[in-house]
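Construct the complete structure from the given sequences, taking the supplied hints into account.
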Amino acid sequence: MLIFEHSTPGRRATAQAPATTAEIDLPAQFLRRSDTGLPEVSEMQAVRHYTRLSQKNFSIDTHFYPLGSCTMKYNPRACNSLAMLPGLLQRHPLAPESHSQGFLQMMFELQEMLKAVTGMAGVSLTPMAGAQGEFAGIAMIRAYHDDRGDAARTEILVPDAAHGTNPATAIMCGYKVKEIPTDEQGDVDLAALKAAVGPQTAGLMLTNPSTLGVFERNIMEIGRIVHEAGGLLYYDGANLNAILGKVRPGDMGFDVIHMNLHKTFSTPHGGGGPGSGAVGVAERLMPYRPVPVIARDGGRYRWLTEDDLPKTMGRLSAFGGNAGVLIRAYIYMRMLGASGMPRVAEFATLNANYLEQRLRDAGFEAAFPDRRASHEFIITLKKQAKELKVTAMDFAKRLLDYGYHAPTTYFPLLVPECLLIEPTETESKEEIDGFIEAMIAIQREAETDPDTVRSAPHTMPNRRFDEVTAARTPDLKWQAGE
Amino acid sequence: MSNIPSELKYTKSHEWVSDNENGTITVGITDHAQELLGDLVFVELPEAGKALDAEEACAVVESVKAASDIYAPVAGEVTEVNEALEDQPELINSDPYGEGWLFKMKAADPDSLESLLSADDYAAEAEE
Numbered sequence: 002m003l004i005f006e007h008s009t010p011g012r013r014a015t016a017q018a019p020a021t022t023a024e025i026d027l028p029a030q031f032l033r034r035s036d037t038g039l040p041e042v043s044e045m046q047a048v049r050h051y052t053r054l055s056q057k058n059f060s061i062d063t064h065f066y067p068l069g070s071c072t073m074k075y076n077p078r079a080c081n082s083l084a085m086l087p088g089l090l091q092r093h094p095l096a097p098e099s100h101s102q103g104f105l106q107m108m109f110e111l112q113e114m115l116k117a118v119t120g121m122a123g124v125s126l127t128p129m130a131g132a133q134g135e136f137a138g139i140a141m142i143r144a145y146h147d148d149r150g151d152a153a154r155t156e157i158l159v160p161d162a163a164h165g166t167n168p169a170t171a172i173m174c175g176y177k178v179k180e181i182p183t184d185e186q187g188d189v190d191l192a193a194l195k196a197a198v199g200p201q202t203a204g205l206m207l208t209n210p211s212t213l214g215v216f217e218r219n220i221m222e223i224g225r226i227v228h229e230a231g232g233l234l235y236y237d238g239a240n241l242n243a244i245l246g247k248v249r250p251g252d253m254g255f256d257v258i259h260m261n262l263h264k265t266f267s268t269p270h271g272g273g274g275p276g277s278g279a280v281g282v283a284e285r286l287m288p289y290r291p292v293p294v295i296a297r298d299g300g301r302y303r304w305l306t307e308d309d310l311p312k313t314m315g316r317l318s319a320f321g322g323n324a325g326v327l328i329r330a331y332i333y334m335r336m337l338g339a340s341g342m343p344r345v346a347e348f349a350t351l352n353a354n355y356l357e358q359r360l361r362d363a364g365f366e367a368a369f370p371d372r373r374a375s376h377e378f379i380i381t382l383k384k385q386a387k388e389l390k391v392t393a394m395d396f397a398k399r400l401l402d403y404g405y406h407a408p409t410t411y412f413p414l415l416v417p418e419c420l421l422i423e424p425t426e427t428e429s430k431e432e433i434d435g436f437i438e439a440m441i442a443i444q445r446e447a448e449t450d451p452d453t454v455r456s457a458p459h460t461m462p463n464r465r466f467d468e469v470t471a472a473r474t475p476d477l478k479w480q481a482g483e
Numbered sequence: 047m048s049n050i051p052s053e054l055k056y057t058k059s060h061e062w063v064s065d066n067e068n069g070t071i072t073v074g075i076t077d078h079a080q081e082l083l084g085d086l087v088f089v090e091l092p093e094a095g096k097a098l099d100a101e102e103a104c105a106v107v108e109s110v111k112a113a114s115d116i117y118a119p120v121a122g123e124v125t126e127v128n129e130a131l132e133d134q135p136e137l138i139n140s141d142p143y144g145e146g147w148l149f150k151m152k153a154a155d156p157d158s159l160e161s162l163l164s165a166d167d168y169a170a171e172a173e174e
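These protein sequences, in sequence, are chains R and B.
In terms of the numbering used here, the first sequence is residues 2 to 483.
In terms of the numbering used here, the second sequence is residues 47 to 174.
Everything hinted at is true.
Going by beta-carbon spacing under 8 Å, a handful of chain R positions derived as facing chain B:
1. Leu414
2. Glu468
3. Val469
4. Ala472
5. Arg473
The calculated lysine-lysine pairs, modelled on DSS-like cross-linking and capped at a C-alpha distance of 25 Å, are:
6. R:Lys177 <-> B:Lys96
7. R:Lys312 <-> R:Lys116
8. R:Lys430 <-> R:Lys247
9. R:Lys387 <-> B:Lys58
10. B:Lys58 <-> R:Lys179
In case anyone wonders, no lab produced these hints; they're calculated from the structure.
By construction, the Cβ of each residue, glycine as well, lies at the ideal position given by its N, Cα and C atoms.
Put into structure tokens, the structure is as follows:
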């Protein structure tokens, strides 16, 4: 039910209503003549409505959420409560630097910590989300080539195991995309890469570990091939959680990286934001960083702007990025410390490998059985789809009935009927065991009572959605009188 | 097993090609491809008159599961596109080799069709 459907003419939440004592002095032609059409409800109705909606949430605070590629780890409450300190909450984004030294110090230290853990020469925190981070990264590669007068570089190479956002980013920045195939073990096909690079190559975008849940073993060789052709190497930070504190993109030869602070550094996400796609660069891309960047000058902190970085790729937000997200990521990193970071990667990887092995023991088919999983792995249900007519989507929906958020389904596209499963480091063995038992139970149902699985979920507030009709003829607008 | 008509030519990337024997060819996606994609919800087609290189990404088909590029099977020029798909992308699901065709093109080199896969070769590819 929508809040509009609770509406009764004339009902008000008086305590929340704005004072109407002020004289309205707008010119008459600008005053609205029609009713606003806003819902008219009491305070209690509004509270109940939104509380009920919130109770329908499947979230990391209520459920195991192994959504592969999304790193749905627990968001420590300490990060939230410290970020809500009045001094941080009430700082105006236009407050002068002299009034913001504490905030600027935190942001400077966040830049330094991200540099240290990724092995990059500089960091900018301004991108507001992963997509903006990617955009900033490729825009910097473009600015670098343009600055050198190297205008013939028109192509970005993207392995077919990449996130769909990578080719989209390259196109946004005015490049053509060339896809590089992956070999049977999940590594980039080196022969195809060698054949594809040339004077037209602006760069390569790579996720490592890849979306297939395995570490790219030939990364040093890939870097050499791309660099020798004059291209730059872009690291998509989607899977940084798997290698945090263990191996650094800078040491692998990457020239530019984006990090999803909302994933790896545990700020709340999953409802569409807010996020943070901070970028890190190697020495040669330092002049092109998006502004503002925070610098320390003789014990004082200040914003670097276009005056300091005239070759910057530009600004991505009105201010310095999503401050609330950056503060939470900062606190999370300070709580982990340098010694805590590798433990994140170790437990994320251990949990994924334990889960994969136990699912394989139970008869599920791993997409890359010869490879050790990184922090996530893929199982393929193509046998179940073919023999039992029960698909990956059916398993995913049935998991909801068992109290588990579904893994990522049908991504990556390279593996048919796949589930991409990422337990993260914050789940206990008991929680993971429960998920395994549910998968085994669903497999048994698929064999004995497949209709129950095909028609799941049965216990959720809504049953299976008609995604096809929703996409073909979307009905996006509520209208009075409907 | 999906339907693979023997009179058509195929690509590894799951396009089918029909030689119209008037200098043009018709291109669509195979029954196997539509089955993998599931219910299609959106199709983006090239413009008539556009020159294409062989294997150039020239169209997009989108289902609730995935968006997938369509590649030009050979080099040539687009002569006509199936505008019915704009409102009825489901034609690709219901009739992939008929009403669900994507576009027609004039091959730059008529002999280039020889390099495409036969129905048997494609069946072997799709089996993998």
